[in-house]
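Line by line, the protein sequences are chains G and E. If you're matching positions, the first sequence starts at 6 in the numbering used here and goes up one per residue. If you're matching positions, the second sequence starts at -7 in the numbering used here and goes up one per residue.
One thing to keep in mind: the hints can contain errors.
[What the hints assert, rightly or not] Okay, the calculated bits of chain E under chain G, using three or more residues with CB under 8 Å as the criterion:
(1) 7 to 15
(2) 129 to 143
(3) 285 to 291
(4) 295 to 305
[To be verified] One-sided and incomplete, this derived list gives chain E residues near chain G with beta-carbon spacing under 8 Å:
(5) Ile18
(6) Trp146
(7) Gly257
(8) Leu276
What the hints contain is simulated information worked out from the structure, not anything from laboratory work. Each residue gets a CB set at the ideal place from its N, CA and C atoms; glycine is no exception.
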Amino acid sequence: MAVATGTLQPILGAAEDDLVVRRNLAWKKFSRHRPALVGAVVLALLAFVAVFAKFLTPYDFAAIDPAWQGSPLAPGVHGHLLGTDEIGRDLLTRLMYGGRISLSLAITAMLIEVIVGTIIGAFAGYFGGWFDYALMRITDIFLSIPLLPLLLVLTGIVAAKSTKASLSFVTIAFIIGLLSWPTVARLVRGAFLSLREKEFAEAARAIGARNVSIIFRHLLPNAVGPITVQATLDIANIIILESTLSFLGFGIQPPTASWGSMLANAQETISEAPWVAVLPGLCIVITTLAINFMGDGLRDALDPNVE
Amino acid sequence: MLTYTVRRTLEAIPLLLLISMILFAILHAMPGGGLAAYAGNPHLTEADIERLRHNLGLDRPLYVQYFAWLVRLAHGDLGWSQLNSTPATEALLERLPATLELMVTSFIVSLSIGLTFGIFAAIRPYSIFDYFVTAFAFFGQSMPTFFLAFILQWLLAVNGIHLQGFGYRLDFQLPSAGNMSTDGGDFVDRVRHLVLPVATLALIQIATWSRFTRASMQEVLHTDYMRTAAAKGLPFMTILLKHGLKNGLMPVITIIALTIPFLIGGAVVTESIFAWPGMGRLFLTALGQQDFAVLQGYLVIIAVLVVFCNLLADLTYGWLDPRVRYD
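Work out the full structure, taking the sequences as your base and the hints as a guide.
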């Protein structure tokens, strides 16, 4: 046994060295991708504002300025840099708090999606057999029912069942995460199907490593690249999904601000106060653009299939 | 090809059954179940609701209800729409033409523009046009449907474009709601109503499809057989059309089929903003008022639509690439 371990250890060691080399190379590639860098900087700024919103604005997100209660104030001075919304709340403040909700909801949902998807995909790809077959049928189902209508129905049901007036962002994040893991599971399964045939997987099996340890210690690090890319792009998709949901009135409810819910009433006020609708919309587009650029940079850097 | 077609078609049946089970289960989790719409009615007592539940067979075990529903479904009966006071099938089918008009038009528009963009970007990589397509694609992917619809509606329907100069006056304003004018509407009127909703839906599809087409074509353009064809002295257009497109567009079929569910989701949003009298808008109304049969019926119809499109894509793929038939 000792002899076998001795000869097999270099293979595992080489695989690990290879990972380090690839990581350094990936960083080099990513930092050369200019749109991705710009995206990362923009995102860092947005995250900073979202986290420290409380210290950056003198207003409360639900506070109504009686002076502008009847008619929204246009962007300018008057103490409200970006003006007020249709009932006199400071728009900049609401954008900051809205970003906080939209970003944290998207990240929470993404984490749920990635954790569930990775575990299920890894086991399916590694073990194959009936579990894999059942998983693929489940993904087929999820891919056949359009996500938005299903999400609308589910949030409607959960909201009707809950005793609270509106759903918390964590609940919505859970619903989104639990509906979108199949994409990640498919990706991870695909990666594991080829990884399990690799020499180092064979070596790990030969020295008697347990399946769970092979999956998470030896194979998973090699699939982190594509998972990271997918996770990044999914944050953008989830932001869009959440804002659509809130826009239609089934997600985040007022007075809590999310970029989507801020647009919910905007259709009526568009002629007199276009900024009330355009600004939150722009926030969504800027954020998702930044994330998509970053995701593209990560793909170039991490995906071995690209060049 | 025949065995492949039969096999694929048969495979779709268990999938549809599983989907129907899941949809049935989800909707029965709704508080009040099939009687949710009556729950808030002050004219109905608890005993009335119990009687309704019994008369409609909603007190039977769930699996019995499921099979009864399935049998009725097979006869085209989706149940009774409580809020429209019509059969749900009728309420939904009445809205189907408007939805199809919107989706098929935007599908054709985005297919022709998206593929053209992708192909030309692949032929001239890193040209100005290629950068334009890439930028456009990023923009389209980052744009929520409702915001795009909103901006288009605001700029071109609420405000419109009004230019004046050199003795001419240009007034361009599109209708902001509905699929035709109230007085009936001729062909031009209908097209004018279509422009904005179709543009909304198409822009996002174009973004996705042009990117995939570019990537796929790029791969094909660098293959050995393309070089061989060029070395033989074949004219560029022949190489591109006969060898390039045939191989390069195959993976795109799968992507197109995979984006159909998003097209349907996008249609819900677009119909809602442009007050388009389609199924998606009916679905949103039904959701707000818990019209059980319509919700269930809508989800079933779109799921069948998606499965059918996937099947169609699979069959097309199998027809174009014989290797697929033998896996």
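Each hint tested on the structure:
| no. | hint | result |
| --- | --- | --- |
| 1 | 7 to 15 | holds (count 5) |
| 2 | 129 to 143 | holds (count 11) |
| 3 | 285 to 291 | holds (count 3) |
| 4 | 295 to 305 | holds (count 4) |
| 5 | Ile18 | holds, 7 Å |
| 6 | Trp146 | holds, 5 Å |
| 7 | Gly257 | holds, 3 Å |
| 8 | Leu276 | holds, 7 Å |
Violated hints for the displayed structure: none, as all numbered hints are satisfied.
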